[in-house]
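Trainee: Produce the complete structure using the sequences and hints provided.
Those protein sequences? They're chains L and E, same order as listed.
With this note's numbering, the residue at position 35 of the first sequence is 35, and numbering never jumps.
With this note's numbering, the residue at position 105 of the second sequence is 1105, and numbering never jumps.
One or more of the hints may lead you astray.
Claimed, not checked - Now the in silico label distances, taken between C-beta atoms and shown as ranges: (1) L:Thr333 <-> E:Gly1174: 45 to 51 Å; (2) E:Gly1105 <-> L:Gly377: 38 to 44 Å; (3) E:Gln1114 <-> L:Thr203: 30 to 36 Å; (4) E:Ala1232 <-> L:Met450: 38 to 44 Å.
No wet-lab data here; the hints were simulated from the structure.
Small disclaimer: the values here were computed from a predicted structure and weren't measured.
C-beta atoms are modelled at their ideal positions from N, C-alpha and C, and glycine is treated no differently.
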Amino acid sequence: MSFKRKVLAASIALALAAPLGAQAADNAELAQIREQIKQMKEGYEARIQALEKRLQQAESTAGSALDKAGKAEEKAVQAAAAPVASPSASASAFNPEISLILSGTYANLSQDPAKYRIAGFLPNGGEIGPGQRGFGLGESELAVAANIDPYLRGQFTLAVTPEDTVAVEEAFVQSLGLGNGLTVKGGRFLSGVGYLNEQHAHTWDFVDAPLAYQAFFGGQFKDDGIQMKWLAPTDTFVELGAEVGRGRNFPASNRAKNGFGSAALFAHLGGDVGVSHSWRAGLSMLRTSPRNRTYSITDNLNVAVDNSFRGDSRLEIADFVWKWAPNGNPVFTNFKLQGEYFRRHEDGNLTYDTGAASAGTGTDRYTSAQSGGYLQGVYQFMPRWRAGLRRDQMDGGSVDYAANSANLGQAAYNPSKNSLMFDYSPSEFSRFRLQFAQDKSRPEATDNQMFLQYQMSLGAHGAHKY
Amino acid sequence: MNLIKPMKWLAGGLLALLSVPAFAALNIFACEPEWGALAQELGGDKVSVYNATNAMQDPHRVEAKPSLMARARTADLLACTGAELEVGWLPILLRQTGNPKIQPGQPGHFEAAQYVHMLEIPSRLDRADGDVHPGGNPHIQTDPRNIALAADALANRLAELDAANADYYRQRHGQFAARWKTAVANWEKQAAPLKGIPVVVQHKGFPYLENWLGLKQVAALEPKPGVEPSSAHLSGVLAQLQRQPAKMVIRAAYNDARASEWLAERTKIPAVALPFTVGGSDRAKDLFGLFDDTVQRLLAAGR
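Mentor: Have a look at this one:
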């Protein structure tokens, strides 16, 4: 009703403006025009009143019309009952989806986090350890994503660390609807190996990454490269993927060469068992050939030295996740069991004390065969509340430093960790978590850890991976 | 780096495990059971329908499970509600399956909400208001007139995608539309005593049903859409109902019964679990059963 009136008013205004602007000189003509406009106004006013009257009549008979009317009329009658949506027509309608993750922790650690190490596993310069003591901001993540055109989609995720450094977490372009089950992704992205690797930290069920992820990836493995995935045309979920990349992260090393420094293959299998159970299992392998992969460590003479590794690193991962939700509805209760097993072989040359700060530089063969993994269960026992338990177990395996063993060799040790968490999610966009952990990743001390964490998701809500 | 050999081994081993899906003219992936049932009514034996969710699942809280990924890969047509009901999982399926037929804008991407008049379109968008959908309330399937509108559009879509069987779909649609029209008139006649009765809903999932039968929603147990009922809010609703009584408390089959049972016990009004979609009750075996049962349950409670 008011809409029609506005249209009429607008057309009147237009009718007014056009002649006035064109010929404003002649007074007599002006008067004539005014008279005409007055007549037009009166005419329209009368017509509007008549229209309104008819509309009122139509509305009053709407009930009976409903019974008799065909489908088109039904829609019109429904229309009278609700406001009409107007699509936003501004240029900003094409702005990408923006989302922001806010997180923060309070940590109470019985051991000094500066001395944290996973004994027996080469330091990797990644995000290992429980973080800082006391209050601390977690990583804030800003993500921007949009379809680029009918063929491609782009996503950009910026991570701002509590130390005020900014890092490109992910920046990739992905194919849209390529067909034949193929998807291609290029840029910087979280690798598809393992299960947890592809999941963003804010979707994890515990405050920190499992020890295996910390020891073998320094957190998560993300590389600059290209990924190709193929989904089989079968009722059972079968996905095969391959990646090649620069190798900018541990266990690879950034090298100034043509070609690629890392390559990964993975296969995922999954499906349902009845309506209440679903699962996914996978096998992955990651091959890298680090050149001059440096790390700092305290040697057996108790001096801080820099070492360098050059050789081949082969990693295999077996992963599975099983989810239960009664009738497939996870709202009230649900359970998730997940586990991953990592096995790594490294073979190459290790240069000890590159800066000749201790017993003098020396290069000899280095081989290692190490493994580790975790098993965790998370149970939602009532809406919004969950409890979870995780067991981390690493196997120091065999490490052979050859001639360097006098300076670097260590007694065998198998790091382990137990974590217990409770979380409360007021909505699907917010979560508060309490976590206790007993971290035995070094033989000299057990670190008793307590964390309080919040994680918030603002803005566009990206769908979560399985 | 010798990667070729393990890759071959892996691919070979996995391919051996595969089963080839059954052949039908059109593979339809239905996001919700009502659209699966409608596609089956219209498509008959020319279509193979896969229902991604069931009536006991909260349609807002579905996961992009591996099984859904596999089925979306081979789908020729998605039959979904739209209006962002599937926003939490469907985009992942569309992206990760790389199936060009079902991408938004393609004929294989059918959203029923585009063909009906949407109610409860929010005038402001703020997550503080709970689970609001910018396109309006997405639970359109509770009004049978919406089913009819969706059927018109879906029949056209089937005929477009599978032109060889276009006449078959049109004929089936003609039969369905006629039966549906009679059935709707019948339900409306039966439900006439329900006009104007005050009801309480658990989730704001029934505006289309209310609009159709003239039910008057006086309160909702969820303080905001998608927010679990709190005891403080329930006490408020109870106090309100003591001043201004309602006839019944309505919930969907997938809703937790506790809040509505609690209120029903204190206000001495019946709590009604409506099937909400096909499969939501024993009698709601198909679309006709869905509304037969819905109307019967409302009438039984309204007596």
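Trainee: State for each hint whether it applies.
Mentor: Hints and how they fare:
The hint said 45 to 51 Å for the Cβ distance between threonine 333 (chain L) and glycine 1174 (chain E), and at roughly 46 Å that hint holds. Restraint check, glycine 1105 (chain E) to glycine 377 (chain L): a C-beta distance of roughly 42 Å satisfies the suggested window 38 to 44 Å. Our hint of 30 to 36 Å for glutamine 1114 (chain E) and threonine 203 (chain L) holds, since their Cβ atoms are close to 31 Å apart. Checked against the given bound of 38 to 44 Å, the beta carbons of alanine 1232 (chain E) and methionine 450 (chain L), roughly 31 Å apart, lie outside it.
In terms of the numbered hints stated before, the structure departs from hint 4 and from no other.
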